[in-house]
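S.K.: Top line first, the protein sequences correspond to chains A, B, C and D.
Letter 80 of the first sequence, counting from 1, is numbered 80 in this note's numbering, and no numbers are missing.
Every position in the second sequence, counted from 1, becomes a number in this note's numbering once 1000 is added.
Every position in the third sequence, counted from 1, becomes a number in this note's numbering once 2000 is added.
Every position in the fourth sequence, counted from 1, becomes a number in this note's numbering once 3000 is added.
It cannot be assumed that every hint is accurate.
[Stated by the list, open to error] DSSO-like cross-link-like pairs, simulated, lysine-lysine; straight-line CA separation at most 27 Å: (1) 112/A <-> 1112/B; (2) 3051/D <-> 1112/B; (3) 2147/C <-> 3147/D; (4) 2147/C <-> 1112/B; (5) 51/A <-> 2112/C; (6) 112/A <-> 3147/D; (7) 3112/D <-> 2112/C; (8) 2051/C <-> 112/A; (9) 112/A <-> 2112/C; (10) 2002/C <-> 3147/D; (11) 3098/D <-> 2147/C; (12) 2002/C <-> 2087/C; (13) 98/A <-> 1147/B; (14) 1147/B <-> 74/A.
[To be verified] For the chain D half of the interface with chain B, some residues (derived, Cβ under 10 Å), not all of them: (15) 3065; (16) 3067; (17) 3107.
Hints were generated in silico from the structure; no laboratory data involved.
What you are looking at is a predicted structure, and each value in this text was computed from that prediction instead of being measured.
Each residue gets a CB set at the ideal place from its N, CA and C atoms; glycine is no exception.
Number of protein chains: 4
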Amino acid sequence: MKIKFFSVGGTIDKIYFDAKSEYQIGSPQLIGLLEEANITFEYESESIMQKDSLEMTDADRQLLFDRVAADENKYIVVTHGTDTMVKSALKLSEIKGKTIVLTGALSPARFKFTDAEFNLGLAVAAVQCKGPGVYIAMSGRVFDADKVCKNVQLARFEDIEMIIEN
Amino acid sequence: MKIKFFSVGGTIDKIYFDAKSEYQIGSPQLIGLLEEANITFEYESESIMQKDSLEMTDADRQLLFDRVAADENKYIVVTHGTDTMVKSALKLSEIKGKTIVLTGALSPARFKFTDAEFNLGLAVAAVQCKGPGVYIAMSGRVFDADKVCKNVQLARFEDIEMIIEN
Amino acid sequence: MKIKFFSVGGTIDKIYFDAKSEYQIGSPQLIGLLEEANITFEYESESIMQKDSLEMTDADRQLLFDRVAADENKYIVVTHGTDTMVKSALKLSEIKGKTIVLTGALSPARFKFTDAEFNLGLAVAAVQCKGPGVYIAMSGRVFDADKVCKNVQLARFEDIEMIIEN
Amino acid sequence: MKIKFFSVGGTIDKIYFDAKSEYQIGSPQLIGLLEEANITFEYESESIMQKDSLEMTDADRQLLFDRVAADENKYIVVTHGTDTMVKSALKLSEIKGKTIVLTGALSPARFKFTDAEFNLGLAVAAVQCKGPGVYIAMSGRVFDADKVCKNVQLARFEDIEMIIEN
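Only chain A is shown next, with the shape it has when bound in the complex (with noise of 0.2 Å):
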């Protein structure tokens, strides 16, 4: 099993410069994560951006997806700001044959607490589990893209239908 990771900024790669900078989002944090876990499995990782997810543009969105599109890997993860997480999983269902799972982080990978760790292991069993089609691995769960939204105000991802009834 090889897995390529795509990265296109958000939350988790955010890093901070100094005292005069903002934060900003840096190199992706996505190797040094995968070396604290062991990992054992082949991969490869590509960079494609670094933005938050609120400023990926239509043309960005369409760059992924010519990227992921003509990968010659059938398993891909791909590192995302969470707000358009979900806008960038549906455009991706165009693409056929491959299993894709997106996934991100609420806070930082360079906090000292942070779920970035975790989603990427939820991220890395459900592109091994599931079969070819999009995924959001998020809040502890490997939801289907069609089927998913960001909850804002709560800060988490629900199924659409808990988001309709309330």
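Fit chains B, C and D to the supplied structure of chain A, relying on the hints for placement.
M.R.: Below, chains B, C and D without anything else, positioned relative to chain A:
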């Protein structure tokens, strides 16, 4: 989806009391790890014992078996020491109709750098994506219980075949 | 020995709310850091404001001055943003008979890697070992307030002479 | 100012190898801690031994004494196990003309929560602010070597008088 977590000890739960104490196995770190991960699924947790897995006896393994078999939940995650994790997994294989995932860590959850959070995420995705059966979620992979072994020298879990080949 | 801690904000107290928020300055991290350090001396802490030090006005600095001057304690530590720490230290120099140490951090206390704990330890030793006066405890050194400046480019505190030479 | 650091082991340097190993004392964590703290002073470090302080013999203590006495530097910090730190400090008191500060930690530097960074900051300020003599920097305080003891039950360092009173 509701997940039931059982803890039996192992490195993941190693703590340190004071300068005169040895490292010992303490209360399960599980709940703290799940809170840090911002999970939203329903769960219950239960500590059965606090042991290095090398010290687990057949009676201990029977006790774990009895508790899991008697439990009303269908989705089970067991945090366990790594050295006899496969042995316990094989024992649990006699239980039908449940999805059971064993995980643990090579370095304690209390460490600044640890595989505990990633492995727990891996197990949580595996238990919800796999069908009934017994699995080991370690080294970034989800293994069938009867096709995995721990490579003690390299401190990692591998396919059984891989070991035979070398 | 009793130490009074005042917090006015700065990077040391930067926190992160959720994916839509910017990094912001939150409640002082001080008490958590002192508990982690197993300290045994008596202390009190008070938050005066929560600001980036670049945004501190003359009125803010006057407020800090008034609170410190009016305080009954002799040993004072101030956690402060680094960019105008020297300016505040010089203002506080008009206060006689107290030992006042300013410290802060170049990366937030919430980070896995941060100078916050070390710097706080540095300040706590300085306030009890130095006589009355105003000092800055940063970059692993204890400086007199009138002999130090921040080298913004190198993100560190230096002797004034060193800057003049270059 | 140049500081010479000597390491002799203790909890601060405890590490963990794998599931079959016990916790052991490893290479000094010192350099990593100093880098994390963004210190700018000149320093040298030397590991003399890697022992729990309860296992240090008179010969070990003589070796530490000889190395410190022979060292050309005036500012000395020793990282040491806590249980016999006072005994070593008293032995080092025969050395004149140097400022010597002993410190350590109650939980390993590798832990997510540890007093190691704070204590090292405490020691670094003490060695530059105090005059010649031997000091212990622990529990948030800087003690004279002949006026301190470890309260083993409460896992903290205290003034000798405090113990006598109780």
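S.K.: If a hint holds in the structure, say so; if it does not, say that too.
M.R.: Structure-based check of each hint:
1. 112/A <-> 1112/B: At roughly 8 Å apart (the allowed maximum being 27 Å), residue 1112/B and residue 112/A satisfy the hint.
2. 3051/D <-> 1112/B: holds, 22 Å
3. 2147/C <-> 3147/D: Violated, because 34 Å separates the two Cα atoms, which is more than 27 Å.
4. 2147/C <-> 1112/B: Since the Cα atoms of residue 2147/C and residue 1112/B sit roughly 37 Å apart, the hinted pair is violated (cutoff 27 Å).
5. 51/A <-> 2112/C: Given pair residue 51/A, residue 2112/C holds - Cα atoms ~22 Å apart, limit 27 Å.
6. 112/A <-> 3147/D: violated, 37 Å
7. 3112/D <-> 2112/C: holds, 8 Å
8. 2051/C <-> 112/A: holds, 23 Å
9. 112/A <-> 2112/C: holds, 4 Å
10. 2002/C <-> 3147/D: holds, 19 Å
11. 3098/D <-> 2147/C: holds, 25 Å
12. 2002/C <-> 2087/C: Given pair residue 2002/C, residue 2087/C holds - Cα atoms ~26 Å apart, limit 27 Å.
13. 98/A <-> 1147/B: Holds, at roughly 25 Å.
14. 1147/B <-> 74/A: Since the Cα atoms of residue 1147/B and residue 74/A sit roughly 23 Å apart, the hinted pair holds (cutoff 27 Å).
15. 3065: violated, 22 Å
16. 3067: At about 23 Å, which exceeds the 10 Å cut-off, the nearest Cβ of chain B leaves the hint on residue 3067/D violated.
17. 3107: holds, 6 Å
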